[in-house]
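Trainee: One letter stands for each residue in the lines below.
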Amino acid sequence: MSAAPLSPAPVTAAACSLMSCHSCGDLVPVASGLHRCPRCAAGLHLRKPDSLTRTTALVMAAAIFYVPANIFPVLTVKQFGKGAPSTILGGVVELLEGGLWSLALLVFFASILVPVLKLCVLSFLILSVRSGSRWRPRDRTVLYRVTETVGRWSMIDMFMISILVALVKLGAVATIEPGLGATFFAAVVVITMIAAAGFDPRLIWDLAEEPK
Amino acid sequence: MARGSPNALDRTLAALVCFFFANLYPFMTFSLEGRAEENTMMSGVITLAQDGYQPLAALIFAASIGVPLLKILLFLYVLLPVKLGFRQPGLAQSYRFLDALGPWGMLEVYMLGVLVAITKLSGMATILLGVAFYAFVALMLLTTAASSAMDPRLVWDRLEPGS
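From first to last, the protein sequence lines are chains A and B.
Start counting the first sequence at 1; every next residue gets the next number (the working numbering).
Start counting the second sequence at 1; every next residue gets the next number (the working numbering).
This is chain A alone, in the form it adopts within the complex (with noise of 0.2 Å):
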């Protein structure tokens, strides 16, 4: 099969009246009536049902939880009955001062700018598509991928913090404490993940393609 030119308006599924299965990329007629694909039984939408709705919820939720968990420290290290708190962002400018500049590097990439980040890009796309925004689908599109795949990362400092309070139980001679930031802040990362998970690219692209 020779392949076929590509058409300057791309036809959609829905277009045609068909819905991709989110599973396993089957196609199936709208007009079936299906609920569920029915080769493997997922669950069959034209677009993720309620996609802006759960996504701004969502968003917001992680928002509100994102103060709390940079406010409160994230872990305290006792040295001889000594305790000195440190949030999300003193953990990064300790690693900074002991001259793990590299390391300071990658932690305030995961924990501070991807948080951020990715709260910012979803309030944009969200934004954007709530207002019938055409501008640059494509670099939107390639935004959103970046911001479901990075998300994850965000949890570097929650291991380390679990490894940490278990290693060092030395009574009198050293001890580190988990913080009340530590929750807020696996918080923040949980729901972004599943804010991120329940946006609708093709959204963006049904917008674009309507016409004008």
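No wet-lab data here; the hints were simulated from the structure.
Mixed in with the good hints, there may be bad ones.
Stated by the list, open to error - Below, a sample of chain B positions facing chain A; criterion: calculated Cβ distance under 10 Å:
1) GLY44
2) TYR53
3) LEU56
4) ASP99
5) PRO103
6) GLY113
7) LEU115
8) ALA125
9) LEU129
10) VAL131
Only a predicted model underlies this, so the values are computations on that prediction, with no experimental measurement involved.
No residue lacks a Cβ here, since even glycine has one placed at the ideal position from N, Cα and C.
Dock chain B against the given chain A, drawing on the hints supplied.
Mentor: Leaving out everything else, chain B in the frame of chain A:
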């Protein structure tokens, strides 16, 4: 049924072996002023739960132990019958579940967390890496290799009527 690398099954079996070593043996040892503390992957989860951080403990457990194990078992459930030539019930559901678990298994992210933890402590005390650490590195590489060798069409083709 030739499509999809047969390596996926071998790699998954190897990953299962590594999983047990990574979880049952000491991960690292921390020693300071003549006192030593040893930990396994589970001890972080247990300590967090004891300190009153149950939700965080549950999340760490799921991302570093629960989901990776579930993924290995589901891989075996999907792939073994293909090799042995019989049809298992719930193939589509298993594969969809595997797909949904995708981003929640975070072995690579955990690896970086370990790296940051080691570096943070190295100025404070002596760190010795245990058997589980090396098994964990192998586990991480093998699960990634198994996932990349897995072709989902292997599953969907099997579900087509008449196959």
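Trainee: Broken hints, numbered, in rising order?
Mentor: The structure breaks hints 9 and 10; every other hint is satisfied.
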